[in-house]
Structure formats: C-alpha cells, structure tokens
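Visitor: The lines below spell out each chain.
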Amino acid sequence: MDNLNDTNNQYVIFNLENESYGIAINYVETIEKISTITRIPGSQKYVEGVINLRGEVVPVVDLRKRFGFSTTEYTDETRIIILLVEDMIIGILVDSSSEVLTIEKDIIDNTSNLVNEGEDEYISGIGKVDNRMIILLDVFKIFDIETA
Amino acid sequence: MDMSQYLDIFIEESKEHLQGMNEILLKLEDTPEDKSLLNEIFRVAHTLKGMSGTMGFNNILNLTHQMENVLDELRNGKMEISSNVIDIIFECFDQLELYITQIENDMTEGNISSDTLIKKLELLLTKDNSGKKDIEVNSESSIQKNRQEIQVGEYVGNVIETAIDKKLNCYKLKISLDEKCMLKSARAYIIINSIEKIAEIVDSNPSIEDIEDEKFDLSFEIILITEHDKEDITKELTTISDIESIEFTVLKKDNITSNANKNDDQSSLKEEITSSNSSSQVEQPTENKNKKAKTNKTVRVDIDRLDNLMNLVSELIIIKTRLEDIDGSVSEDKQSMNEATEQLERITTSLHDAVMKVRMVPIERVFNRFPRMVRDLSKDLGKEISLIMSGAETEVDRTVIDEIGDPLIHLIRNSIDHGIEETEQRIKLNKDKTGTVKLTAYPDGNSVVIEVEDDGKGIDIEKVKTKALNNNVISIQQSQMMDDSQIIQLLFAPGFSTADKISDISGRGVGLDVVKTKIESLGGTVEVESIEGKGSKFIIRLPLTLAIIQALLVVVGEEKYAIPLNNIKEITTIHPEKIRRIQGNEVVLFRNTTLPILRLSKLLDVTDTNTEESEHSIVIVKKGDKTAGILVDRLIGQQEIVIKSLGKFLANINGIAGATILGNGSVALIVDTNSFF
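Heads up: the protein sequence lines correspond to chains B and F, in order.
Heads up: the first sequence is residues 10 to 157, going by this note's numbering.
Heads up: the second sequence is residues -16 to 660, going by this note's numbering.
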C-alpha cells in the first residue's frame, strides 16, 4: 500500500493535438517507440491494431481516433504508452510523451461544470501546473471497461 | 492471516489422495481379503483428515473422521467388507470431492451437509458392532484454575470491567497445541477464528500478529469477553484438532491488576468496543474477496526435464557469447557465423521440445477416474462390464488434459449404455456375459490417438437412418444416397440419440455432437468404426500441443495472414472467369461439386487487393463435411507458428482465432476459418 501512496499523485504526461494529457502512473507499464502495427479487421474503429511487444501481442488504441481528432502521420516523437488495466495490457498511441508530473489532488478541478454533458466522458479532471492545463484521463472509460 | 498459500497445496494433495483412495477401494472390491489395501486407505484417509483439520475445513474433517472409524473396524476384522459398506464409502469419496471442488471455487466448504452420510456411517458402526465402540474424540482437558492474578493493560482492564458490569463473562484461555502440530500459526488462526464467532477477543499474549507469524512456542493466552459460557467455548474448540489442552480462568474484577482509570467514561468505552467490533466484521468480506480465484493451475515436472531445460539454456548463453565475439569484418568470421546460426537453430528446436515436454502430462490423469465411473455405471445399469485401459502413460499437453475428460466420459457412457447389450442378451448371443470397454491411448507422429472400443452390438445403420429421418436430420432422398459410413457420421449431428429409453446416463440427445465440437475446438478429429454385432470403436485424434501449429501463410493486399493447416483440405488455382454468381454468392464448379468462393479481402475488409491476376489462388478449407474456397492474393508457404492470444480486450473478434509473430517481428493474424461457415 505504501508504494501506491508514493505514486498516487503522479501522472505520465503526453501530447495529443497540442494539448497535454495525463494518465495515472499506476497504470503505465512502459513507453515504447512506434513499431509495425497489424490491423485487426472487425475490431472497434479506434483500435489501431496489435504490435509485437517483446513476444507479446498487445492491442493498440489510437487516442486520436478515440477522441475524434483527425489522424496524422507518425513522427519520430510518436509513442505507444503501454498500460496495464484490469489485467489487460493495452497500448495507446500518442503524439509524444516526455515527462512525469506530480499533481496534487487539491489542484485538480472537477470538469463537470466546465464542459457539456457527454464531452467529459473520458476526463476525470483537469490539473493546473505552472499555467499549463493538463487533462487527466480515466483509463477505464477510454477502453470502455466496465468498472466492477 | 492468509491461508491461500497453503490452499493450492491442500487442493492438489486432497485430489490426489481422493483419487488414490478411489483406486485402492476399487482394488479392494475385487480382492476383499487383502488387508494391506485397507491399511493403505486408512492411512490416506487419516492424512486427509489431518490436512482438512489443519485448514479448518470441518465438514471434511468430520466426514473423514467417521469414515476412518468404519475403516478401522474393517481393518480390525470387526466388520465384514460388504458391497453396502463399499458403496457408502464411495459415496463419502464423492461427497469429499464435492467439498474440494467447492473449496477450489470459493475457498469455503459451502453448505453441503454430510449429515446423512455420517449417519449412514454411524449406522454401519452400530449395526455391525455388538461391543459398542467409543468414538474417539479429540480429547481436551479443560482445567479451571480459580483465583489468579492477571496483569492487563489499562484499556483492556477497563473493557473487562465494563463487560463484567454488564454481566458478560470474561475468561482467560491458555491454549496449548499438540507437540506434533504442524503449521502452528494456521492452527492458531483457526482457533482464534472460531473463538471470534462467539466471543470478543480483547487481549492476547503474545499479540495476535505474533501468533500469526508463529512467534509463539506451543501455547498462547487469550482474554475474551462473551455472553456464552465456558461449555459453549469448549464445544466450539473441540472440533479443532491438535489442541493439547485449554485452561480456563474466570476473570473477576478483583483478580485483575490494572492501572485502570475508574472514572473513565463508560459510554465512550462502549463505543470503542462496538467500533472495534464492526471493523472486524468489515475486514472479513474484503479478505474473502481477495482470496477468491487465487488457485492456479500447476504442472508437476520431472526434475530431469528441468535439468535438460537448464542445460539447453546454458548452451544458448554460450552461443550468445560466441555471436558477440564475431565481429563480421574478417572473412573467416562468416564461416563461424554460419556455424553459430546452425547451432542456434539446433538449440532452439531442442528447447522447444524440452519446454513442450514440461507441459506434457500423462493421460493417466484423465484415465484414472474411469474405473470408478465404469463400476458405478455397470451397477446402475445392471450390466457386467470390464474396463481395459492401456497407454495411460501417453503424454499430452496440460491444456488438452483439462478439456478431454468430458468428451471421453461421454464416449465411455455411450459405449456402456448404447453399445453393450444387457447381460441376458449377451448370453443369448453367445458372447461373454461380461462386456468389455477398451480405452487405448498412443502417440502417433505429431498427434495422440485415444480409442474407445466396446464389444457390444455395434451401430445399427438402419436404426440410425430411421432416427435421422424422424428427427429431420436428413431427407428421404439424402438417405437413399448415403453409404454406411456417411450414415454413421450422422451420429454426430446435433440433436441425435438412438437410445430407445432415456436414462440419466445418456439419451438426452446431447451427446456425440458435443463431443465432436469439443474435440474439434481442440484441433482434433473423431471417427467411428463399427461392425454390427461385434462392437464399435470411436477414434479421437488430437494434436500433441495447442500452442504451436502448422499454418499456411497467405497474402491479401499488403497484409499477411496464417491459415491453420488442419483446416485446409487442399490448395488450387482457378481462372477468374470460372467464378459464377448464384444469388449473389460466388461459386465455382470444382471436381464436379459446387464450391462456394469467399474472398478473404472482403471477409477481413482488406482494401487495395490485386484482382487483375490471370489466376486466383484458392485455399479450400473444411469444417466437418462442408468445404469452401478462400480466395487469397498470394501464397507464401507452410510454416510452424506459435499461437498467441489477442487478449481479453480484443476477445470475440469474428474471423480471427489469434495472432502469431513472424520472423521479422511483425504480427500476423490467424484466420478462424470455422467462423466462415
């Protein structure tokens, strides 16, 4: 339990369409450079495909597609953040990822009164660090996982 | 304290013991005079009793205990080994198995009561016993020492005083464990748990944590408050074995030495008691939640195999160093490089074999439950049947072992129920009055063959035909065109059963089709051979392993896909103009049959495929009797592939059975051709 407390307020920050997003570090396994992605026919539209992660087949979700942004070419900065959620290993495709920030609970705003209903479905809050706004994501909702 | 670390071992061992007892009892039934068998059962039952007692599974404990009493009587010759006794003991085994399955599922014994069985056992004991035998009870002496100075902390002192004021009983218990007691902490945990059911523990020496960490000698002390009296507590504790003695001391106000502040507000104390109470109640369910589904599948591995694995890995490391040394610029290094690669190839092949062998389990694990089953069935049906098993040492992959049990049970039941005739009829037919069911397993190349053979009446082709017509499985025209072997195949059609009378053994129409589906899902096949009047034989052919398969790699558009070889019937090429459209479906005439054509590019939404070729490659796939041609752009070739699951997140993707990693590190998907039919 002590370990969890240490990382409780830490977020992996990544960029998408010039916005900063954060995901709780407890869910993040590794951050990988992009490799060949194999398309999965018949899967959800936002599932980009699967990659070979050191011998494991890992599904990758394109967050741009998930959030309804236009897709762009991959760059040198493009990263796949590998998450472990509910015993499932899933990667998310992001524009770039650079840092880990500590965002204390008291500087996280609740979003319910900021955006229209429906738009905040993947957002768990907005953190403000040095004039930057960081959109904190709810991983369960990104992957449509029912929380037990 | 977490008991789950012992639980896996407990479940695994209990199953082994039960299986062992079943086998011995079967032998005993044949040779009742062999006393050494009885001793053996007694020993195993005793071990089981001890184990379940240690783990706190009292239902199992009580049942095995009573069973042991009966076994003891048998052993001492005070009771006859009658078929009645053996039946009851078998029933006990079944009950125990139920308990263990329940424990495996949710860590508790469940609410299954074994009272009736215990009564039956008791009845055996009283009936066959003129000299009434005292049932030995785990004797516990409870000595009460009257006045004793007891040192307690301030808070505890207050709590006790309040309790005494409220006319609750306070006791100090000194519990000593048996010297031979293993897992002292587990035992203590059970004791504390049982006490907590009826009393509130306010203090202990050493502390509860220390007790759980086994930081005590043979005895520990507990101070408790309860509305029950001494007898109730003793009763609660007598069910636990390995307790040497319990000493009770009644706590009264005047024998507590504490620096308690008597002016303390009583109501606040009361609050603390209730709050501690509720917190302990909250703790319990969460603990249970964590424990659930923690049991893992295990494989016992021969140490030689592990050594072999270790050797191969060390060779791998040597090769790695060798490769590092090659720098590539000198020409003679090329030779060395080739050698190293060759060696690497050899090692990976051996490593693959070695790891597969580790996963292999003798099929005995499935077979050994059949003698018991056949015995029960032959009793139920009044048929005399002998089961001959061979090749039980044949090894198959662990995953196959888990899945093959049910289909085999089906087939054996089928043979006994439908195949083997009633005893009178067998005598009339001049057959041996004991029917024989043969269960044979043997490895055959890259697969394992399991045969279930009976010497019964065989399959009545006419009856199958009539039945199939009645059940609308086939039409009259079809029936006239079918030959005998095709008709026999109808047995595997859904909703088909030929038993005239429906028994609870078979005949509900869910049988052979389930067997077939199951075996096909394991990548295997089932065949039937039958000679009327002589018997029938079911032949199951299973792949040795499920993790590695032969597959055909094909290209569609720019994507590569793998099609499992065992789904492929043949490969051919056709001219595009030969494809006809019938009601929107594409078909070709191939060897005088119409073959539906499915374009893989359409099935898997592949864009930009090359359709301007003069000839199309067609992979003809089969599912049962049905075939279909799958049109692909190009064939790459046959390759051994390792099946990887797509994981939970991508479960239930239609048309895709999994994925594999190709030589260049990219992922190729495995096509599930069965889903196209």
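Treat the hints as calculated values from the structure; they're not laboratory data.
For glycine and all other residues, C-beta sits at the position ideal for the given N, C-alpha and C.
Keep in mind that the hints are not guaranteed to be accurate.
Said to hold, decoys possible - Listing some non-contacts, in silico: residues in chain B with all C-beta distances to chain F over 10 Å:
1. G51
2. V59
3. V66
4. I112
Stated by the list, open to error - Once the Cα atoms are required to be at most 30 Å apart in a straight line, the calculated DSS-like pairs of lysine-lysine come out as:
5. F/K543 with B/K54
6. F/K501 with B/K42
7. B/K74 with F/K627
8. B/K42 with F/K303
9. F/K501 with F/K446
10. F/K(-2) with F/K18
11. F/K157 with F/K102
12. F/K627 with B/K54
13. B/K74 with F/K609
14. F/K340 with B/K54
15. F/K631 with B/K150
16. B/K42 with F/K180
17. F/K605 with F/K561
18. F/K(-2) with F/K10
19. F/K32 with B/K42
20. F/K167 with B/K74
21. F/K32 with F/K180
22. F/K366 with F/K317
23. F/K303 with F/K340
24. F/K32 with F/K18
25. F/K627 with B/K150
26. F/K609 with F/K448
27. B/K150 with B/K137
28. F/K605 with F/K543
29. F/K149 with F/K61
30. F/K366 with F/K520
31. F/K627 with F/K303
32. B/K54 with F/K303
33. F/K517 with F/K421
34. F/K102 with F/K213
35. F/K450 with F/K213
36. F/K362 with F/K340
37. B/K74 with F/K585
To be verified - Cβ-Cβ distance ranges computed for the label pairs, FRET-style:
38. B/G51 with F/E347: 38 to 44 Å
39. B/R63 with F/T84: 54 to 60 Å
40. B/R63 with F/E347: 35 to 41 Å
Visitor: Please list, smallest to largest, the hint numbers that this structure does not respect.
Guide: Hints 1, 2, 3, 6, 11, 13, 14, 16, 19, 20, 22, 29, 32, 35, 36, 39 contradicted; others consistent.
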